[in-house]
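Peer 1: Just so you know, the protein sequences line up as chains R and S, in that order.
Residue 534 is where the first sequence ends in numbering that gives the first Met the number 0, and the numbering goes up by one at each step.
Residue 168 is where the second sequence ends in numbering that gives the first Met the number 0, and the numbering goes up by one at each step.
Hints in this document: simulated from the structure, not taken from any laboratory.
Any given hint could be a false lead.
The calculated DSBU-like cross-link candidates involving lysine-lysine, where the alpha carbons are at most 30 Å apart (straight line), are [what the hints assert, rightly or not]: (1) Lys201/R <-> Lys7/S; (2) Lys66/S <-> Lys2/S; (3) Lys7/S <-> Lys66/S; (4) Lys134/S <-> Lys120/S; (5) Lys201/R <-> Lys2/S; (6) Lys154/S <-> Lys120/S; (7) Lys285/R <-> Lys201/R; (8) Lys494/R <-> Lys201/R; (9) Lys158/R <-> Lys66/S; (10) Lys66/S <-> Lys137/S; (11) Lys154/S <-> Lys119/S; (12) Lys134/S <-> Lys158/R.
Computed, partial: chain R to chain S, Cβ under 7 Å [what the hints assert, rightly or not]: (13) Ile255; (14) Met377; (15) Ile380.
Even for Gly, the Cβ is constructed at its ideal location relative to N, Cα and C.
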Amino acid sequence: MSTNEHSATAHTDHDHAHHDHKPGGGITRWLYTTNHKDIGTLYLLFSLLMFFIGGIFAMVIRAELFQPGLQLVQPQFFNQMTTLHGLIMVFGAVMPAFVGLANWLVPMMIGAPDMALPRMNNWSFWILPFSFTILLSTLFMDGGAPAAGWTFYAPLSTKYSGDSTAFFVFAVHLLGISSIMGAMNVIVTIFNLRAPGMTWMKLPLFVWTWLITAFLLIAVMPVLAGTVTMVLTDKYFGTSFFDAAGGGDPIMFQHIFWFFGHPEVYIMILPAFGIVSSIVPTFARKPLFGYESMVWATSSIAFLSFIVWMHHMFTTGMPVTAELFFMYSTMLIAVPTGVKVFNWVATMWRGAMTFETPMMFALAFIVLFTIGGFSGLMLAIVPADFQYQDTYFVVAHFHYVLVTGAVFSIVAAVYYWLPKWTGVMYDERLGQLHFWCSLVSVNMLFFPMHFVGLAGMPRRIPDYALQFANFNAFISIGGFLFGLSQLIFLAVIFKAIRRKGVKATDQVWEGAEGLEWTIPSPAPYHTFETPPHVK
Amino acid sequence: MHKPLLYKLLLIGACMFAFTFALIPFYSVFCKLTGLNGKTANSSAIAATTVDLQREISVEFLATVDKSIPWTFAPEVPRVTVHPGEVRVVNFRVENLTSEAMIAQAVPSVSPGQAAQFFKKMECFCFTQQPLQGKESKLMRLQFYIDPALPAETKTVTLSYTLYRVVAQ
Ligand SMILES: [Cu+2]
């Protein structure tokens, strides 16, 4: 969102003869840029686009489920929609949004001039559009897009999948490479480029949570790459990793996938914890309660994420000891997560609170993410899970943690830092409207899913028993309203990019603290070329 | 200045990629040792010394043919009742519906998974590959017993075979 005006102003007083990242004109500026702010902007805009594409797929799903029976789409296409919706939202919307925020904010928060590896940064962004073009192009192929679900269980993704599988695998490889490069960049930046005096225990929590997330990414994205590689060779090259005919085992797929998959869900939530930990103190006008415990809680959640994967597989048949182990290890995660929630509440306690849009989204995050956490605890209970497994209860659970959790935190972050990026305050009236519309519709959309799930409605099926008809019509209306509400968000962003609004001060928010609030708004193209001293 | 750290991170990534593939053999060894996941031993067991006449176990047989091979495949009886330790023989009939010679391999799986290590096969057609001439049919022999150590709460054990085509390498 920093536009060409920077090339005229911020650049005159620097000598850039030896640099390759001088912003040129037009498209090449964005293609060749190595500036962390440009790349952050690219990531965020890309993720916004993907959010709407994945959202359209969700609208197709909800339109089909508006009434029982098959009205609009065929089951095979419905499966393609659920698959692509999941893949696009996870890998195209949520993850790139967090990487975009990291690009914009990590250097500014630690007093670094840029990311440590700017050219790799450029590369890791520009791989993404290719990856998702490949993935989306499968929609127009004979046999259609992948339809095995975003979890692409074998043999659905091997024996019974269409020819688009190869494209799917290649797309996942590309986005995996992109994520790993992005994560390495974050780690190297935080390790090597902290300003003098910025000790580990002074790092803003957003930086801490992203550091831990980056390690999770480096640990599990290669596992995902390995999994899709096995799917590829099983399907096309005669191996049998997941095929009993050759001595393989389809259950093995689930083990490997969820060994990646569970840390992956924390990759999508830890940066959200960092965002909320930045926003709540600002609008409560009090320092964050329990900073150190936040750091330890984040680290222990990251560690625990590696020893819980079989809670996704309770019904595949496993010894009672394993079920007990994974039940208890899963429940254990509630402890550090609870520490965080209590810390946020304690931060607000007796604070001088105001309720601007970022704070509203952060507050909604705390309440609704906690609801998602509670349904997660219910799912962790083995005997209960036998009932909940593969029903809409699971869908309700992970949408509470991912939509009202991860997505709400990203939206909160955009409102919070938008004035710093664009130099103007966003339209508060539209922001509040966006918040209330989203809050009401998202709960209409996902809350009743708990009930239809408990009553036994299976997920991933385009049709359902008549008894679920009223609930599903209501859910679909909630879905459409939530989709429409996001157009308000689009309007807010558009206005801010066009610089329509009150000029923002450097500090932007009265209670904001941190290095990024000491530089001018909008943030100049280059910041902290001489590192600041942190007391 | 950033290179040493970057190389370490790359190494972690490469190790995790390799680790994914190492999980495969680790998993099958683990499952064979513990009998988890319905994997039975692939070699013949010795007869049990005791027969527990007090208990009766219902043993069910399932035979599935993979779509890669146009054969028929079925047990002669769908279910037998045995005492733990008692040796029984059940035959499975296969027929090659094509006029072409083919080789097949049956892959067993036991349910519930915890019962797998107590399902003792003394002789099984699944230990070896089974060739059939075109239009040929034959009876394949399974000789087994249930280990008396089978947990008391297990009353029914299902043995499922899937028949796959073996393509000569
Ligand atoms: Cu999990």
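Peer 1: Next, verify each hint and record whether it holds.
Peer 2: Evaluation of the provided hints:
1. Lys201/R <-> Lys7/S: holds, 25 Å
2. Lys66/S <-> Lys2/S: violated, 52 Å
3. Lys7/S <-> Lys66/S: Given pair Lys7/S, Lys66/S is violated - Cα atoms ~47 Å apart, limit 30 Å.
4. Lys134/S <-> Lys120/S: holds, 29 Å
5. Lys201/R <-> Lys2/S: holds, 25 Å
6. Lys154/S <-> Lys120/S: With Cα atoms ~18 Å apart, Lys154/S and Lys120/S stay inside 30 Å; holds.
7. Lys285/R <-> Lys201/R: Holds, at about 16 Å.
8. Lys494/R <-> Lys201/R: violated, 35 Å
9. Lys158/R <-> Lys66/S: With a Cα-Cα distance of about 10 Å, the restraint between Lys158/R and Lys66/S holds, given a limit of 30 Å.
10. Lys66/S <-> Lys137/S: holds, 20 Å
11. Lys154/S <-> Lys119/S: It holds: about 16 Å lies between the C-alpha atoms, which stays within 30 Å.
12. Lys134/S <-> Lys158/R: holds, 27 Å
13. Ile255: This hint holds: Ile255/R lies near chain S, its Cβ roughly 6 Å from the closest one there, short of 7 Å.
14. Met377: Violated, because the Cβ-Cβ distance from Met377/R to chain S comes to roughly 25 Å (cut-off 7 Å).
15. Ile380: violated, 21 Å
Taken one by one, the earlier hints fail for this structure at numbers 2, 3, 8, 14 and 15, listed in ascending order.
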